[in-house]
Amino acid sequence: MTRKTSSQAGKHRDTAIIRQALVDSFRKLNPRSMMKNPVMFVVEVGSVLTTILLFTPTHSFAFNLQITLWLWFTVLFANFAEAMAEGRGKAQADTLRKAKSETLARRLSADGIVEEVASSKLRSGDVVLCAAGQFVPGDGEVIEGVASVDESAITGESAPVIRESGGDRSAVTGGTRVLSDEIKIRITSNPGETFLDRMISLVEGAERQKTPNEIALNILLAGLTIIFLLAVVTLQPLALYSGAPQTVFVLVSLLVCLIPTTIGGLLSAIGIAGMDRLVQHNVLAMSGRAVEAAGDVNTLLLDKTGTITLGNRQATEFVPAPGITEAQLADAAQLSSLTDETPEGRSIVVLAKERYGLRGRELAAHEAVFVPFTAQTRMSGVEYDGRIIRKGAVDAIVRYLEQNGTSMPSDVRAAVDVIARSGGTPLIVVENYRALGVIHLKDIVKGGMKERFAQLRSMGIKTVMITGDNPLTAAAIAREAGVDDFLAEATPKEKMDLIRREQAEGKLVAMTGDGTNDAPALAQADVGVAMNSGTQAAKEAGNMVDLDSNPTKLIEIVAIGKQLLMTRGALTTFSIANDVAKYFAIIPAMFAATFPVLNALNIMHLKTPESAVLSAIIFNALIIVALIPLALRGVAYKPMRADAMLRRNLLVYGVGGLVAPFIGIKLIDMLITAVHLV
Amino acid sequence: MTISGWLQIAAFLGVIALLTKPLGIFMARVFEREKTFLDPILRPVERLLYKLTAVDETREMSWREYGTSMLVFSGVSMLALYAIERMQQWLPWNPQALGAVATDLAFNTAASFTTNTNWQAYVPETTMSYFTQMAGLAFHNFASAAVGMALAVAFIRGIARREKSTLGNFWVDMTRSTLWILLPMCFVFAIVLVSQGVVQNLRPYDTVKLVEPQTVQSTGTDGKPVTKQIDTQTIAQGPVASQEAIKMIGTNGGGFFNANSAHPFENPTPLTNFLEMLAIFAIPSAFTYTLGRMTCSPKHGWAVWAAMAVLFLAGVTTAYWAETQPNPLLRGVDQHVSLTQSGGNMEGKEVRFGIANSALFATATTDASCGAVNSMHDSFMPLGGMVPLVNIMLGEMVFGGVGAGLYGMLIYVILAVFIAGLMVGRTPEYLGKKIEAFDVKMAMLYVLVFPLVILIFAGISLVSPQWGLSSLNNAGPHGLSEILYAYTSAAGNNGSAFAGLNANTLWYNVTLGLTTLIGRFFMIIPMLAVAGNLARKKYTPPSLGTFPVTTPLFTVLLVGVIVIVGALTFFPALSLGAVLEHLLMLTGKAF
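Just so you know, the sequences run in chain order A and B.
Anchor point for the first sequence: position 204 equals 196 in the numbering used here, and the numbering is continuous, going up by one each time.
Convert by adding 12 to the 1-based position in the second sequence; the result is the number in the numbering used here.
Treat the hints as calculated values from the structure; they're not laboratory data.
Please note: incorrect hints may appear among the correct ones.
What the hints assert, rightly or not - The calculated label-pair distances, taken between Cβ atoms and stated as ranges, are: (1) B:475 <-> A:592: 22 to 28 Å; (2) B:247 <-> A:592: 45 to 51 Å; (3) B:18 <-> A:25: 55 to 61 Å; (4) B:479 <-> A:51: 31 to 37 Å; (5) A:597 <-> B:74: 41 to 47 Å; (6) B:46 <-> A:497: 26 to 32 Å; (7) B:475 <-> A:86: 56 to 62 Å; (8) A:591 <-> B:215: 57 to 63 Å; (9) B:343 <-> A:50: 42 to 48 Å; (10) B:64 <-> A:476: 38 to 44 Å; (11) A:585 <-> B:107: 33 to 39 Å.
Computed from a predicted model, the values in this text were never measured in an experiment.
Just so it is clear, CB atoms sit at the ideal spot from N, CA and C, and this is done for glycine as well.
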């Protein structure tokens, strides 16, 4: 499932999908599958009825034939929309299925004997060995060893990831490939139930169940269909009384034009396409319900590290002790960090270079001795030419100075406090047992996060930062990142309590997590996105899995949920608003023959009654096709306040839905009269 | 159209707007059992009533129990009215010695008054005794109004309550509606009406000598023309003022006299006319504020009010415009407004009210499901007459009946929220409550019943010569409008008639009676189900991402949904009725 298919291949794939969808449109005419969609089922019944009536003697066969054909087209177009959406899902499933090729697994039996079995024979609880170059035969957990694994088949991400036993990176997925070392894996899924299997059936739509909102919308559409059915059926007695009885062809045309065929035909395509969009973002939702919930989310719980801030702290400032220049401090700090490969260490070197033009020096000539960081000393440093330089955390340095008979100057202590209060981490630099000053390490908020949080706020979504930092540090970062709230020194229990509290207020909560201790909270949250790199427990607790293991994606998931709901609402509004024009096309056409004065209602000045009815039914059919791309792509989405969003969408899809058919029907009328179709 | 006409229309809406908040707050206090200035007098009465009827006023009811209580009450009281009508010849206060009401008519009237419709297929002066009028009809004027108000309050509670399974106590809501709101208002209004000349007595009818004797020519039994001199007139009497008050305030509309509010004993002066129109809208309009207050969202109440006001103004403007247009069939006749003539179409209108107040009355009485009339809707110009018809077709929720108007409107609010709510990217929610499949199902049932019953019965009537068409006095599209109006009025529980149709036949009495019952109770049950379901739901606090239901944009959206989903269903029928009639009139053809 690589996202980057070349445009050539994409085009080829699309034509294949379209060809398949065309075939499927006819296959879906089966009344048993049509019944699931009450609106289109009524159209199909109408089509069958007019088809039968074609064989009875009628006055205007050519007109009736065209009506009948367009009625069938209406059904076929709706089927095509659904088939297209399913086809795109299937294409993704096929890509996945390739990753699922049968492999041989080396199963370790209870008495330690290795036997080769087909991967499809593996059952939950089996233990297998997997060495470099081999495919992981099934979903499981690493119970021994560490290895780098290529997960690009699943995630599309080519950089290998580390998988090791214990901890939060123990889960492996079937179909991925081990690149180095050998690991022992306990299989956690039965044949046909693996992650890949689930993913395939999800994107194929085989397991697609209607979501709650979709069910409700279907009821609305069925209700409207019944109302219009009634209005059309009872029109005949009124017409009889008025001396202007109508043919079944015209009545069925009126009915099909009035019932909400546009949204009825596109509804399931919208749902499938919404799931599909999620998959394109490498997120796998376990149910459509979760996607809807994503649109409704009120509160986002975001982990600080990796989501809001870059993974690591960076040096941002040198605060020298009295009598020391900043340049001196920077020099010592850089020297002490030359071999420090941690991101913090590198950032010190970089800062010194940027601020004071100090370049990394080659110290080999000086017979320098580097003191690496150890858990005992919690310091690192360098000794050369009689300079003894150390840098480390405050308490470690204090101890180091005391052991060597000196102490920390009060000015330095004050600087340390200032940095700590601002949410930063102070590192002290000492040379020859004398404190030179403090390095200010800071969490760096990712670029653009503040704006995104502001957008979320304007949409009524509250962001809460979750961090293990102390409240002081957390508050400072929260302020800088612009989140609405934070949970400091967070434990899994506190996280859980926070979710429960929000939910008790009636809010929907979304969060990401990867560790086993996140699992309860992931299960409690309304939208729980587990990282694919996380443990099996986490993945099972959440209702979505992010294959890229990128916690920031939570924001995109919310957007996709909203876009799905908006597309549904927009097309429903459009479809219902369309009716006004259709009334004005068909009603005068029905009765103008008997009462020419009723042509006053023919405000579109459609040429003849026949052309009017035909134009309306053609417009009604073609609008489904015209809107397929919109249904698959989703309506344009920009984060904004609900009232602004409503104003915009009502203007485009409500007013647009009123006006478009007037223009469309008129154009079709001009065209079909020009080519003498009627 | 005159400035004075427009000013009167503006004054009417202005006073209604001013009444809405104070009355709305008072009503909310009554239903929330907060203190009111009437408590010292009414609380003891209320307690006594509960003691006598063994009602536990603290007991809460689920929607099912609330609905069952309402159905039992309506059923029993409908039977009682039927019995009174059938036995009035043996009952007191019958100075005219009127006989028993025929079975089909008695059924029709009992159904019609129980449902707050007050469709009258009879001439009251010659059919109903004073006892029947007071103990039977006036009782139902109060009871059916109180039932409507209780139901509206139950619906509001459904929206306002969180995770509760109950909607209040039907008996308490009804009792408080009657004691605190309807009775005091009617008491004051009746006295005002008497001061203006509305009669209030139990005397036999007067026979008076005509100042100007009339000569009437008719054909005698031998086929020769007979000339008859008429010099006396019977003037009907009765306890009119008391009944007139509740007829308007309870949006009942059933006249004491056949001429209804066009009769000088019911509506003598322009002042009573103005007050009667106010009385129609007072409670329905105030209910929007009660909604806002009880759901802690007064702005939403006003947004709903604004939607009602927009539809009202559209109606009254059209009617006023249509009625002041010169009749194209009277080409050459001076039809302009001048000091000596009103201009426009005065047929079927009272001179003391004129065109503006007739158009306004016709609009108000059909917007609300009142049905009182001060002019003949049948005599309106085709488009003018279409306004009352369309108003009822909107579903009687442009202010609407007392209580019924509000819950009817709220069903459309729920549909509007559901259809457009998705467009803000959240699943639809209304005042913190998610609108889900069950709510939509019930709301659609509610919306479905109305056109169903109208179009089916009207359709049958229009193609059956001996049941439907034999009652018709007018041909062509006007006849279609007359039949359509009858069923629409019955289903909407309005009760006004287009006239021109003899509705006192077995077919019409039975089907129109059934239509009133279906139009009332088959819509109430799904409505209560929605209320019960909403009450059970969790509350989601509003945020910037919540679908706004307090803005002008929402008002526009609501009006759009009402017109497109509700009213457009009737577009084909209207095209063959009033619209066609209008267009044919322009070519010189009248019916």
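Now for the hints, and whether the structure bears them out:
1. B:475 <-> A:592: 22 to 28 Å: Check passed, 26 Å falls within 22 to 28 Å.
2. B:247 <-> A:592: 45 to 51 Å: holds (48 Å)
3. B:18 <-> A:25: 55 to 61 Å: holds (59 Å)
4. B:479 <-> A:51: 31 to 37 Å: Holds - the Cβ-Cβ distance for residue 479 of chain B and residue 51 of chain A, about 32 Å, lies within 31 to 37 Å.
5. A:597 <-> B:74: 41 to 47 Å: violated (57 Å)
6. B:46 <-> A:497: 26 to 32 Å: holds (27 Å)
7. B:475 <-> A:86: 56 to 62 Å: Hint holds: Cβ distance 59 Å, inside 56 to 62 Å.
8. A:591 <-> B:215: 57 to 63 Å: holds (59 Å)
9. B:343 <-> A:50: 42 to 48 Å: The hinted range 42 to 48 Å holds for residue 343 of chain B and residue 50 of chain A, with Cβ atoms some 44 Å apart.
10. B:64 <-> A:476: 38 to 44 Å: violated (58 Å)
11. A:585 <-> B:107: 33 to 39 Å: violated (59 Å)
Against the hints set out earlier in the document, violations occur for numbers 5, 10, 11.
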